[in-house]
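Peer 1: One letter stands for each residue in the lines below.
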Amino acid sequence: MSILDGVSISSSSGIAFGSSNTIKLYVVLLNNSVNTIENDFLDKNAFHVKGYVHIQGSGSLNITSKQKSALKVSKDLFINDITLNVNGAAHGITAQSVTIDGASVSSTAIKDGIQAESSDNTTYNDAEGFVKLINTKYTANTNGDGIQADTYVYVSGGEQNIKTIGEFVSYSTSNMETYGLSTDDFKFVKSGSAYKRVAKDEIRYLSSSYYALANSVKGIKAGALEYDSDSDGEEDTVVTTNADYRIGIAHGAKLTIDSFDDCVHTNYGKVDLLRANLTLSTLDDGVHADYNLNINNASIIINSSYEGLEGANVTVDGSETNIVSNSDDDGINAASDLVSQTNITINDGYLRVYASGDGLDANTSLIFSGGTTVVEGPGSGNGSLDSDLVKFNGGIVFACSTSGMTEQMSATQATFVYQGSTFSSGALIAITLGSDTENPLFSYTLKQSCNQIIFSHPDLKQGSTYSIYNGSSSSATITMSSTLTKVGSSQGGPGGGGGHGPH
Amino acid sequence: MKKRTFPLLVVSALMLCGCSSSNVNLDENNYDTDPISGISDDGVANDYDSDYTKDSDVEIPSSFDSFSDNTISEAGHYYLQGSYPSISITASKNSEVYVYFRWSIHFFILWNCFW
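From first to last, the protein sequence lines are chains C and P.
Per my numbering, numbering through the first sequence is continuous, rising by one, with the last residue being 579.
Per my numbering, numbering through the second sequence is continuous, rising by one, with the last residue being 200.
Quick caveat, the hints were computed from the structure, so don't treat them as lab data.
In this text the structure is predicted, and so the values were computed from the model without any measurement.
Cβ atoms here follow ideal geometry from the backbone N, Cα and C, with glycine treated the same way.
It cannot be assumed that every hint is accurate.
To be verified - The calculated lysine to any residue pairs, modelled on SDA-like cross-linking and capped at a C-alpha distance of 20 Å, are:
#: 1; chain 1: C; residue 1: Lys266; chain 2: C; residue 2: Glu235
#: 2; chain 1: C; residue 1: Lys126; chain 2: P; residue 2: Ser158
#: 3; chain 1: C; residue 1: Lys213; chain 2: P; residue 2: Lys139
#: 4; chain 1: C; residue 1: Lys142; chain 2: P; residue 2: Tyr169
#: 5; chain 1: C; residue 1: Lys100; chain 2: P; residue 2: Asp150
#: 6; chain 1: C; residue 1: Lys100; chain 2: P; residue 2: Phe152
#: 7; chain 1: C; residue 1: Lys126; chain 2: P; residue 2: Thr175
#: 8; chain 1: P; residue 1: Lys178; chain 2: C; residue 2: Ser292
#: 9; chain 1: P; residue 1: Lys139; chain 2: C; residue 2: Ser180
#: 10; chain 1: C; residue 1: Lys100; chain 2: P; residue 2: His162
#: 11; chain 1: P; residue 1: Lys139; chain 2: C; residue 2: Glu235
#: 12; chain 1: C; residue 1: Lys100; chain 2: P; residue 2: Ser168
#: 13; chain 1: C; residue 1: Lys467; chain 2: C; residue 2: Pro534
#: 14; chain 1: C; residue 1: Lys100; chain 2: P; residue 2: Glu159
#: 15; chain 1: C; residue 1: Lys142; chain 2: P; residue 2: Ser171
#: 16; chain 1: P; residue 1: Lys139; chain 2: C; residue 2: Ala203
#: 17; chain 1: P; residue 1: Lys139; chain 2: C; residue 2: Asn156
#: 18; chain 1: C; residue 1: Lys100; chain 2: P; residue 2: Phe149
#: 19; chain 1: C; residue 1: Lys100; chain 2: P; residue 2: Gly161
#: 20; chain 1: C; residue 1: Lys100; chain 2: P; residue 2: Ser151
#: 21; chain 1: C; residue 1: Lys126; chain 2: P; residue 2: Ala160
#: 22; chain 1: C; residue 1: Lys263; chain 2: C; residue 2: Arg273
#: 23; chain 1: C; residue 1: Lys537; chain 2: C; residue 2: Lys523
#: 24; chain 1: C; residue 1: Lys272; chain 2: C; residue 2: Ser283
#: 25; chain 1: C; residue 1: Lys266; chain 2: C; residue 2: Ala290
#: 26; chain 1: C; residue 1: Lys100; chain 2: P; residue 2: Val143
#: 27; chain 1: P; residue 1: Lys139; chain 2: C; residue 2: Gly233
#: 28; chain 1: C; residue 1: Lys467; chain 2: C; residue 2: Lys537
#: 29; chain 1: C; residue 1: Lys100; chain 2: P; residue 2: Lys178
#: 30; chain 1: P; residue 1: Lys139; chain 2: C; residue 2: Asn211
#: 31; chain 1: C; residue 1: Lys126; chain 2: P; residue 2: Ser147
#: 32; chain 1: C; residue 1: Lys467; chain 2: C; residue 2: Asn439
#: 33; chain 1: C; residue 1: Lys263; chain 2: C; residue 2: Glu235
#: 34; chain 1: C; residue 1: Lys100; chain 2: P; residue 2: Gly167
#: 35; chain 1: C; residue 1: Lys523; chain 2: C; residue 2: Thr478
Said to hold, decoys possible - Covered stretches of chain C, going by a simulated chain P footprint (3 or more residues, C-beta under 8 Å):
#: 36; segment: 94-104
#: 37; segment: 386-393
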């Protein structure tokens, strides 16, 4: 009995549900109805409307295309309240703009889960090319980007779970031509059955042992518009005039992304993470912005990454900010090919960074003004804090490493740099005023061994003596001879030395 | 058609407070996965919200327009139920077409009563 299936539209000869003219279409799913639209025909979408579409109601809609996109709208698409499941052999949903409010949407796609494509690729116009998810549950399993927008992506509230899986291809001229890749794309090596990102400067001689992702498989991507300026068939010019490419995740949005490629990425744009909850796993960057990355009262848990957070300027604010970053390279990296001055500014929040590369790396300046920052892990050749200028103006900073790089430092808040004894992984470190172990300024259990500790704290006072305890034993004493005191074997500074713990 | 407009976001001032704790213990799980549960505005709306307002209420008409041959050729309100090989909308440019999908539970009950 087909009537039990609600509306069922199935075509094997073309578009299952569509319009030939530019109309304004309202689809209402009544009374918890369950409805199905599907097609199986070469190069035809299942639901294809040349116009504006607004789908709403209390029911659900399942759309499947076995040979092209499931839901395609040539103008603006609005989805309210419904449950929508799309399954596309190309995109799940594609439109000029996509706004989803209060709905539950699941997208399985060979290409992008949701794609918003501007009609004009030579002019930036954020009235189109955007994706908005407002108080929406969105689940994506894609072989392309989870969400891709030409201009911007805005996620406000709701819960989103995105998983992308990509295909790796080895370095060859034919693969470069077939997939439109450049040499810089071949930045992965194979490790057993898994792939691992390596630094671009490690790739000196490209060979078939280097791999690239055949296509973009980012979690969320915005920007940038490109066009072929000289009609040679290659998109060679990026639209930057009046452009404001951006991704904003805000208002309690709870976002989980497991992605081969960057989890959150803007080309020629910024990323704002404002009162958002992100849990990220990736082979590449957790969050990448070509311009500024602004974090304010956000929780960001990066379980695995190549670089955790990257932007031209990274600013961390908000007492509720909570960042835990695990990375194979830099934890937080201020870098961009688009600007010459790159900075990291920590004004507030809690940060814990585990990095195999530099912990915090900013070419121009790294400024601590507030919050609590813990950096662990980098070994030789990298530093816990790496910048032309590190400024300690406020907040709590505990950065430990082995053979850390000595950077140009300045401090308006008392800070010491200790290098000497090796503290083993698992050691409980406490920093105390004298031997006052009852009231440590700071205590922390190391995950990795280290022999250099950089510590800055509002309660450190010039002229006072502090101890570094390893468990119950005092391993070092530091007398703060100046606002910035360097102590230890390789620092050439005064003081230092072992001691005995309290009994 | 009855419309209801919700002002999506009301921008309020963001109150930032500094980290006041001086004695900090960052042992295991002290702040690993503490989610931020509150939802409040923080200024981001200006950059992203534009003038969008939710519009999800449509008054269902008491009668519907008819169509044939799986083709909707005029602006109007149409009720779809059951199975179709395809639906093609050929209404003229900028026409407003309303399509209502419904699960025919009444047929289901009727069928079971008599079977």
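Peer 1: Now tell me if each hint is right for this structure.
Peer 2: Verification of the hints:
1. The straight-line distance between the Cα atoms of Lys266/C and Glu235/C is roughly 33 Å, outside the 20 Å bound, and the hint therefore fails.
2. Taking the CA atoms of Lys126/C and Ser158/P, the gap is near 14 Å; set against the 20 Å cutoff, the hint holds.
3. Distance restraint check for Lys213/C and Lys139/P: the Cα-Cα separation of roughly 16 Å lies within the 20 Å cut-off, and the hinted pair is therefore satisfied.
4. Restraint check: the Cα-Cα separation between Lys142/C and Tyr169/P comes to about 18 Å, which is no more than 20 Å; the hinted pair holds.
5. Taking the CA atoms of Lys100/C and Asp150/P, the gap is near 17 Å; set against the 20 Å cutoff, the hint holds.
6. In summary, the hint linking Lys100/C to Phe152/P is supported, as the alpha carbons are separated by about 18 Å, within the 20 Å threshold.
7. Of the pairs offered as hints, the one joining Lys126/C and Thr175/P holds, with about 10 Å between alpha carbons and a cut-off of 20 Å not exceeded.
8. Between the alpha carbons of Lys178/P and Ser292/C the distance comes to roughly 36 Å, so the proposed pair goes past 20 Å and is violated.
9. Note on Lys139/P and Ser180/C: the hinted pairing holds, with a Cα-Cα distance of about 15 Å set against a maximum of 20 Å.
10. Pair hint Lys100/C plus His162/P holds up; C-alpha atoms about 12 Å apart against a cutoff of 20 Å.
11. With a C-alpha separation of about 18 Å, the suggested pairing of Lys139/P with Glu235/C holds against the 20 Å cut-off.
12. In summary, the hint linking Lys100/C to Ser168/P is not supported, as the alpha carbons are separated by about 23 Å, beyond the 20 Å threshold.
13. This hinted pair checks out: Lys467/C and Pro534/C have alpha carbons roughly 14 Å apart, not beyond 20 Å.
14. Distance restraint check for Lys100/C and Glu159/P: the Cα-Cα separation of roughly 12 Å lies within the 20 Å cut-off, and the hinted pair is therefore satisfied.
15. The hinted pair formed by Lys142/C and Ser171/P meets the criterion: a straight-line CA distance of about 15 Å does not exceed 20 Å.
16. Our distance criterion of 20 Å between C-alpha atoms is met by Lys139/P and Ala203/C, whose separation comes to about 17 Å.
17. Between Lys139/P and Asn156/C the CA atoms are separated by roughly 8 Å; this keeps the pair inside 20 Å, and the hint holds.
18. Simply put, Lys100/C and Phe149/P have alpha-carbon atoms about 18 Å apart, close enough for the 20 Å limit, and the pair holds.
19. At most 20 Å may separate the alpha-carbon atoms for a hinted pair to count; Lys100/C and Gly161/P meet this at roughly 11 Å.
20. At roughly 18 Å between alpha-carbon atoms, Lys100/C and Ser151/P fall within 20 Å of each other, so this suggested pair holds.
21. Between Lys126/C and Ala160/P, the direct Cα distance comes to roughly 15 Å. Compliance with the 20 Å bound is thereby established for this hinted pair.
22. This hinted pair checks out: Lys263/C and Arg273/C have alpha carbons roughly 6 Å apart, not beyond 20 Å.
23. Proposed proximity of Lys537/C and Lys523/C is contradicted: the alpha carbons are some 28 Å apart, above 20 Å.
24. With a C-alpha separation of about 16 Å, the suggested pairing of Lys272/C with Ser283/C holds against the 20 Å cut-off.
25. Distance hint between Lys266/C and Ala290/C is fulfilled; the C-alpha atoms sit about 15 Å from each other, no more than 20 Å.
26. This hinted pair checks out: Lys100/C and Val143/P have alpha carbons roughly 14 Å apart, not beyond 20 Å.
27. Of the supplied pair hints, the one linking Lys139/P and Gly233/C holds, its CA atoms being roughly 15 Å apart against a limit of 20 Å.
28. The suggested pairing of Lys467/C with Lys537/C holds, with an alpha-carbon distance near 17 Å, which does not exceed 20 Å.
29. Taking the CA atoms of Lys100/C and Lys178/P, the gap is about 9 Å. The hint holds against a cut of 20 Å.
30. This hinted pair checks out: Lys139/P and Asn211/C have alpha carbons roughly 11 Å apart, not beyond 20 Å.
31. Of the pairs offered as hints, the one joining Lys126/C and Ser147/P is violated, with about 28 Å between alpha carbons and a cut-off of 20 Å exceeded.
32. Pair hint Lys467/C plus Asn439/C holds up; C-alpha atoms about 13 Å apart against a cutoff of 20 Å.
33. Of the pairs offered as hints, the one joining Lys263/C and Glu235/C is violated, with about 32 Å between alpha carbons and a cut-off of 20 Å exceeded.
34. Note on Lys100/C and Gly167/P: the hinted pairing is violated, with a Cα-Cα distance of about 24 Å set against a maximum of 20 Å.
35. With a C-alpha separation of about 13 Å, the suggested pairing of Lys523/C with Thr478/C holds against the 20 Å cut-off.
36. Counting residues of the segment 94-104 of chain C whose beta carbon lies closer than 8 Å to any beta carbon of chain P gives 11, which meets the minimum of three for the stated coverage.
37. Counting residues of the segment 386-393 of chain C whose CB lies closer than 8 Å to any CB of chain P gives 1, so the stated coverage by that chain is violated, three being the minimum.
Consistency note: the structure conflicts with the earlier hints numbered 1, 8, 12, 23, 31, 33, 34, 37.
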